[in-house]
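Asker: Protein chains in written order, with the working numbering: chain A, 16 to 141; chain B, 53 to 212.
The set of hints was computed from the structure by calculation and includes no laboratory data. It cannot be assumed that every hint is accurate.
[Said to hold, decoys possible] A few chain B positions that, by computed beta-carbon distances, are all more than 12 Å from chain A:
| # | residue |
| --- | --- |
| 1 | E100 |
| 2 | L155 |
| 3 | T181 |
[To be verified] Coverage of chain A stretches by chain B, computed from C-beta distances (three or more under 8 Å per stretch; other residues unrestricted):
| # | segment |
| --- | --- |
| 4 | 38 to 49 |
| 5 | 104 to 112 |
| 6 | 120 to 131 |
These figures come from a predicted structure and were not determined experimentally. Positions of the beta carbon are idealized from the N, C-alpha and C atoms, including for glycine.
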Amino acid sequence: MPAGTLYRGREGMWSWVAHRVTGVLIFFFLFVHVLDTALVRVSPEAYDRVVATYKTPVVAVLEYGLVAAILFHALNGLRVIAVDFWAKGARYQKQMLWSVVGLWVLLMIGAIYPVLGHAARVVFGS
Amino acid sequence: MSTTETTASGIGPVEGAPGYSVENPAPVIEAPRKRTKKTPKSTRGNFEMYGWLFMRLSGVVLVVLVLGHLLIQLVLDGGVSKVGFAFVAGRWASPWWQVWDLLMLWLAMLHGCNGLRTVINDYAERANTRLWLKALLYTATVWTILLGTLVIFTFDPNIR
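Build the full structure now, drawing on both the sequences and the hints.
Answerer: This is how it looks when you write it as structure tokens:
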């Protein structure tokens, strides 16, 4: 592999990669989510049956991943807006990225109990 | 014209070049990319600029709409365990949440569609591949937006 294939690297590129990957993942979930919600037009039973899968422990872990993707995309998106519209945005892009990561970690710790608590009670018993 | 003539600017003669002065001004050269009356009208328009702006504007709104949605669906009142037909019926009884969900649906789908359009343009190298992937993307987007909109507007809590 020739040298210099990796474009720049560091915070700027990796945040861009993460923004892309999370964005695509969220968009694909969105299709599924509109379809499952559309089942309310079929029957209450059909909808409740599909939503029951959202309450299983395995899908709860996927939901936690979805929350992780959405939170990163949201916070980093605000950073991108700051880089584009704030006069000093480009100068502080690294500091803003580490603020995004720090806030993301805090929110993800906060989301453990609300998102995974239900699954933990199913697996370990309440 | 003598090449030994000195100019007012104090710049000496340069090999055969005429010395310019107030009386003998240099010809004005137009900037290479300057837009003039003769420049043909751009046929491209500002679509990409509006797309760029839309991503930022819809993004700010979506941060509020989606994080609020996650808070209601996954965190408050027992998290996901309370979600069911009855819960949806209760929320869509209010026009506030109908508008919230409708706006979220349209903005998120268009935001995601434009994002994926960029991804396709970046990675699909053959023109035909780009064409078909984008045709698939736009079809899926339009259908999903229409389906979601139809569901919100025609929701019937007494379906059974």
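Asker: Each hint needs a verdict: does it hold in this structure or not?
Answerer: Hint by hint, here is what the structure shows:
no. : hint       : verdict
1   : E100       : holds, 14 Å
2   : L155       : holds, 14 Å
3   : T181       : holds, 17 Å
4   : 38 to 49   : holds (count 7)
5   : 104 to 112 : violated (count 0)
6   : 120 to 131 : holds (count 3)
Consistency with the previously given hints fails for number 5 only.
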